[in-house]
Amino acid sequence: MATKVVMAQLSPTMEEGRLVEWKVSEGDEIEQGDIVAEIETDKANMDVEALGSGVLRRIVVDEGETVPVGALIGVIAGEDEDISGILEEAEAAAGAEKEEVEAAKAGGAEEEEEAEEEGEEAAAGQAEAGGGERAGQGAAAKAAPGRRDGGRVRASPVARKMADEEGIDLSRLEGSGPGGRVVKADVEEAVESGVGRRDAAAGPERLTEERIELSQMRKAIARRLTQSLGPVPHFFLTSEIDMGRALDLRAEINGRLADEGDEGEPTKIGVNDLLLKAAAEALVRHPEINASWGEGEIVRHGSVDLGIAVAVEEGLITPVLRDADRKGLRRIAAEAGGLIDRAREKDLQPDEYQGATFSISNLGMFPIEEFTAIINPPEAAILAVGRTVEKPVVVDGEVVVRRRMRVTMSCDHRVIDGATGARFLDTFKGMLENPLAMLL
Amino acid sequence: MAVISYREALDQALREEMERDERVFLMGEEVGEYDGAYKVSKGLLDHFDGNEWRVRDTPIAENGFAGIGVGAAMAGLRPIVEFMTWNFSLLAFDAVVNSAAKIHQMSGGQYHVPIVFRGPGGAAIQLAAQHSQVPDAWYSHVPGLKVVAPATPKDAKGLLKSAVRDDDPVVMIEGELLYNIKGEVPEEEYLVPIGEAEVKREGTDLTIVAHSKMVHQALQAADTLEEKHDLQAEVVDLRTLRPLDIDTVIESVRKTNRVVVVEEGWPQGGVGAQVADDVQREAFDWLDAPVTRVAGLDVPMPYARNLEKQVFPDSRHVVRAAEHVCYLDQD
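Line by line, the protein sequences give chains C and F. Position one of the first sequence corresponds to residue 1 (the numbering used here), numbered consecutively onward. Position one of the second sequence corresponds to residue 1001 (the numbering used here), numbered consecutively onward.
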């Protein structure tokens, strides 16, 4: 008598499982109760026991594949037993399943009733297919950092080859060709000036774009939380930061800049510029925050492009400071200042306000101590910054007056978990409380 | 070296080869008594004492005399068949493509077809749609043929002599607008090998690939680019279209990283399309800009002079394309 090995439902919310590993091979003798495979559910990895004895005649689902609960993954039977019936049945079931999912994906209005009856499974199907709006978001997520073509640096083939030979990081060069294409002349210039040399890169390892396959747990989080609060399930983390040292440092820098009286350089670094720098440095150290939810994957971006929320007459706009992690404080101040001015004059080009990877909204100029901001998809987080106020705090058992600033980060829970967000905020806070760290 | 015209260079090649080997003869419309429609064979019939077996006038029947030529070549002679223009070769397409190009292979190598088909191709001045066509891509497409398209008197003479001596059918595309072009030609005997391109102007900043008439447009464009932008364009003259000497092109592109491919004919499926394909594959890692082509406009040639000028690619088009691949045309 043949025994089916199926994708067992190992938790109440489990709808599909990924076959992690077969512990036995086709042709092996199996005793009832033997562990035959390991499966990853939405919660954990679990072993699959054989429900009968015989020979593992057929492996239907290979390692790494994901199949719905109840699907046939293998067949245990006598050595010469006919198992074609079981296999045909499984094939037919898989075909029907596929059709169902496709029907759900087609998602016409007439399908809605049926989908509701089928409950969660159909709902999952619809979520995958998405409305027009959501599908659009997915596309936007992939194209996110504008000029870079979704993480890919535009460069001519010969520029690429030369950069490779010379150890130049193309992503750190400004392309002079059409659409910002890095061309041979740009690489030659970089070789001359030493800009973009890989070994000259300071600080932590620079970012590269990564596409991360969703684990079952990630999928479960995304599905459940979107049902609760969607389409972007926000949660909020608040922290209070001591700004004393950062403000002192800023005053010192500005004093020095004023003495130098450089023409063409901004003579003032703003608090906002310090926040941008701190965020950029913290994001490089926490690439999991500098990310987007794509349909079926999480995209970790290859550059830190910071959106700066700017209030304008009829609303707000977020100009984007590109490659903030590769820029010094002065350059950040100059570029951010320019972007903000032009945003107010409504003089921005679309590529200057699209494709940020993280945003900052600062209401510190108003009497607002703390607020929450709404994420601008496909970014995964936005930081809401309140006013810095003098207030009594306890330091070493003494009440003293300190300049404190409260920030609240809104996180897309599909991409970021509480602890991940908290670690990022901790780094961000550390940067501002020990500001020399971010300047080094 | 003597400076002579392209027409005179062809005449020298014909006389020398016909004198060298009495199996070589010229056949075509008006080639004898009338001295050739474009006077390429001027005085040739007299030179061979009026011997019609050496210089043969034919009726206006292209498929007929081209077919006779193929038969003569199979039987051991070495005919040179002149088409008054390559436009008329369309009537003989079967003889050239189905007979001349195929027989060596289909006879299992028993027959060679040592024939030369030659005549002017492309536009001249106001010859309209049917008499201005560029046959370069049509014949380059055919395995079994060799196709040469010389730009200078020296190459015209050297390639015609090589064509006559070749044991396979050779298509030689000349040009009405080329016949009066003058250039240096060695006094002594020489051949230009089939299948070898030549760098006509050395340069470092971009490569312009051209053949036939377009070589002159390319050289003129190169001068303009030097004056206007201080750019040094390298001009590669393909000279032979089949077999294509892509190695010379690749070598140049590896040096300059940029390439403009110029041809007189229509763009789709053109000679330039083949060159562009070879370049992107063989020199991909050396390219600093997409391969750019200049070709005739994708229309039958209009009769009106002003429209004809729009359709015919000239040095201004080449300059514009060069500026484009050098990223000089950005706003």
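Some clues are possibly wrong.
Cβ-Cβ distance ranges computed for the label pairs, FRET-style [claimed, not checked]:
{"id": "1", "chain 1": "F", "residue 1": "Met1106", "chain 2": "C", "residue 2": "Gly27", "range": "52 to 62 angstroms"}
{"id": "2", "chain 1": "F", "residue 1": "Pro1193", "chain 2": "C", "residue 2": "Glu192", "range": "50 to 60 angstroms"}
{"id": "3", "chain 1": "F", "residue 1": "Arg1316", "chain 2": "C", "residue 2": "Ser193", "range": "47 to 57 angstroms"}
{"id": "4", "chain 1": "C", "residue 1": "Asp426", "chain 2": "F", "residue 2": "Asp1329", "range": "45 to 55 angstroms"}
{"id": "5", "chain 1": "C", "residue 1": "Ser193", "chain 2": "F", "residue 2": "Glu1226", "range": "20 to 30 angstroms"}
{"id": "6", "chain 1": "F", "residue 1": "Leu1328", "chain 2": "C", "residue 2": "Glu192", "range": "15 to 25 angstroms"}
{"id": "7", "chain 1": "C", "residue 1": "Glu314", "chain 2": "F", "residue 2": "Lys1309", "range": "52 to 62 angstroms"}
{"id": "8", "chain 1": "C", "residue 1": "Asp417", "chain 2": "F", "residue 2": "Asp1277", "range": "42 to 52 angstroms"}
{"id": "9", "chain 1": "C", "residue 1": "Gly27", "chain 2": "F", "residue 2": "Asp1277", "range": "43 to 53 angstroms"}
{"id": "10", "chain 1": "F", "residue 1": "Asp1230", "chain 2": "C", "residue 2": "Glu192", "range": "17 to 27 angstroms"}
{"id": "11", "chain 1": "C", "residue 1": "Arg197", "chain 2": "F", "residue 2": "Arg1316", "range": "36 to 46 angstroms"}
{"id": "12", "chain 1": "C", "residue 1": "Glu189", "chain 2": "F", "residue 2": "Pro1290", "range": "18 to 28 angstroms"}
As a list, the in silico SDA-like pairs of lysine to any residue whose alpha-carbon atoms are at most 20 angstroms apart [stated by the list, open to error]:
{"id": "13", "chain 1": "C", "residue 1": "Lys161", "chain 2": "F", "residue 2": "Arg1054"}
{"id": "14", "chain 1": "F", "residue 1": "Lys1182", "chain 2": "F", "residue 2": "Arg1165"}
{"id": "15", "chain 1": "F", "residue 1": "Lys1255", "chain 2": "C", "residue 2": "Lys23"}
{"id": "16", "chain 1": "F", "residue 1": "Lys1039", "chain 2": "F", "residue 2": "Ile1060"}
{"id": "17", "chain 1": "C", "residue 1": "Lys161", "chain 2": "F", "residue 2": "Lys1200"}
{"id": "18", "chain 1": "F", "residue 1": "Lys1182", "chain 2": "F", "residue 2": "Lys1200"}
{"id": "19", "chain 1": "C", "residue 1": "Lys161", "chain 2": "F", "residue 2": "Asp1285"}
{"id": "20", "chain 1": "C", "residue 1": "Lys161", "chain 2": "F", "residue 2": "Pro1193"}
{"id": "21", "chain 1": "F", "residue 1": "Lys1255", "chain 2": "C", "residue 2": "Asp164"}
{"id": "22", "chain 1": "C", "residue 1": "Lys4", "chain 2": "C", "residue 2": "Glu15"}
{"id": "23", "chain 1": "C", "residue 1": "Lys161", "chain 2": "F", "residue 2": "Ile1060"}
{"id": "24", "chain 1": "F", "residue 1": "Lys1255", "chain 2": "C", "residue 2": "Ala185"}
{"id": "25", "chain 1": "F", "residue 1": "Lys1309", "chain 2": "F", "residue 2": "Ile1060"}
{"id": "26", "chain 1": "F", "residue 1": "Lys1161", "chain 2": "F", "residue 2": "Asp1205"}
{"id": "27", "chain 1": "C", "residue 1": "Lys161", "chain 2": "F", "residue 2": "Gln1280"}
{"id": "28", "chain 1": "C", "residue 1": "Lys161", "chain 2": "F", "residue 2": "Asp1205"}
{"id": "29", "chain 1": "F", "residue 1": "Lys1255", "chain 2": "C", "residue 2": "Glu189"}
{"id": "30", "chain 1": "C", "residue 1": "Lys161", "chain 2": "F", "residue 2": "Glu1251"}
{"id": "31", "chain 1": "C", "residue 1": "Lys161", "chain 2": "F", "residue 2": "Glu1282"}
{"id": "32", "chain 1": "F", "residue 1": "Lys1255", "chain 2": "C", "residue 2": "Val191"}
{"id": "33", "chain 1": "C", "residue 1": "Lys23", "chain 2": "C", "residue 2": "Ala44"}
{"id": "34", "chain 1": "F", "residue 1": "Lys1154", "chain 2": "F", "residue 2": "Ser1107"}
The set of hints was computed from the structure by calculation and includes no laboratory data. Every value quoted in this text rests on a predicted model; they were computed, and no experiment measured them. Just so it is clear, CB atoms sit at the ideal spot from N, CA and C, and this is done for glycine as well.
Compare the structure with the hints numbered earlier in the document and write down the numbers of the violated ones, lowest to highest.
2, 3, 13, 14, 15, 17, 20, 23, 25, 26 and 34
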